[in-house]
Amino acid sequence: MGTFPETKRTFTPLRCNHCHNAPCERICPVSALHYIDNGIVNIDKERCIGCAGCVMACPYGAIYIDPETQTADKCTYCAHRIASSLMPACVVACPVEANIFGDLDDPTSNISKYIQNHQGDVQVRKPEKGTDPHHYYVGGGNVQLNPLASFRVEGHQLFNKLTTHMPVGGHH
Amino acid sequence: MVHEAVAATNAVVTLDVGLPGIVWGWIITMNMWAKSIGTGVIFMLFYLMKRYPEAAGSLRFPVTVVSIVFIHIFLLFTVIDLHQMFRFWHIFFTPHWTSAITVGAWIVTVLVLVLFGMAFATFIKKDNALFDKLLVWAVILAIPVTLYTAAIMAEATARELWQMPTEAAQMILAATLTGSATVLLMGGNLPYEAKRDLAVILGLSALAAFILYMSELVFGPIKAEEVAATLEAVKGHGEYTTMFWVGQVLAFIAPFVLVILSVTNRSAGLLKVAALSAIVGLWIVKHVWLVIPQLLPMS
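In order, the protein sequences belong to chains A and B. Each residue of the first sequence is one higher than the one before, starting from 555 at the first, in the working numbering. Each residue of the second sequence is one higher than the one before, starting from 17 at the first, in the working numbering.
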């Protein structure tokens, strides 16, 4: 962020936004991308045919074709952990509690109270897309959240030149 | 709906970043290009059968064969583009009806059945009345088959350059452009008036498509930041500038000029050059338009 030499580095998770009006769910021809009852946009990799329509539809670049399974994949907000009443791995792992997960419909939940306490400083990514994202950023800036707001040489991103095609940890 | 309920100990780690590269590449270009020809020749046959029923009668079988061949090229490239191509049948057994991909797959399937019915009627049964009835259904089905790719692109909301209704118009124009060009190349015993009509369709399709592309190029940036950023790839010294203009010249400008010259001079030779140029050029035009929005970082 900023202009050389007055620059600083920030870290922003740009994962799946679990949109209420998810274009990936709509374009998926086989319902591999689907909603579960808690609002999470989940993916059934056994059903996915790998047409990549969801990759084209996601305005957040959050879906990719897993080179190992040759199916679409993305953050599922650890739906399997949520099903077991556990928190998502990112929430547990973050040492500074930068990720907050919870039920927005419950006014007493941590996330509801946090958003309530930071009114005016809460935003979603690309609201003009009408996707109604369920991933909120507090104190975020345009440079972090909008890839077109900052110049990148030949369109490269920070993590764009991956040398391995194996997902970290592999698949079962 | 299938819900994932994996035990926590079997947690699957996923990448949280998009992998680089063009996901929809030349295979999808082949898909759109072949589909344009496959449906376009059906539109042209219908027109010729209404306008010149006697002379166009001999085109029933050859045009049907061309349509079947190109629709199958389209289907082949659709399937091989799937990363899990052997699961393509899921579209038929677990269809999701909000998806234009699903709707299109079903309509194309019915169109293929009608096309085989037409081939059977004219080649095996020698029943032209039945053929002509089926041709009407083929035309009705060919319209959504031509348009559904535009609907897929419209559902790809992340790529603003592909949105309706411009893409829908471009898909229809691509069909009339390549359809008229292909039938002109097939030639046959068509009278001069019929060839002139096809030439006019070719020329007007080229002109209209060119105007639409130029409108996007000039006025596109007004719509959105993303469109402006995308179009930079074809403007000035952009990565795809040369390819874009080669496509525009071959697909639209050259055919339009050649059609005018050929109609003025009654030259069948120029018409064939125009037709060939349009067919080759459209592939390039489609490819550029397909690829450039994918160069944008979304995250």
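Honestly, the hints are just simulated from the structure, not real lab data. Mixed in with the good hints there might be a few duds.
What the hints assert, rightly or not - Here's a subset of chain A near chain B, in silico, CB distances under 8 angstroms, partners left out:
no.	residue
1	Cys582
2	Val646
3	Lys683
For every residue, glycine included, the Cβ atom is placed at its ideal position computed from N, Cα and C.
Residue hint Cys582/A, partner chain B, criterion CB-CB below 8 angstroms: It holds, given that the least Cβ distance between Cys582/A and chain B is near 6 angstroms, below 8 angstroms.
Given hint Val646/A near chain B, where the shortest CB pair must fall under 8 angstroms: violated, 11 angstroms
Supplied contact hint for Lys683/A, tested at 8 angstroms Cβ to chain B: holds, 6 angstroms
Taken one by one, the earlier hints fail for this structure only at number 2.
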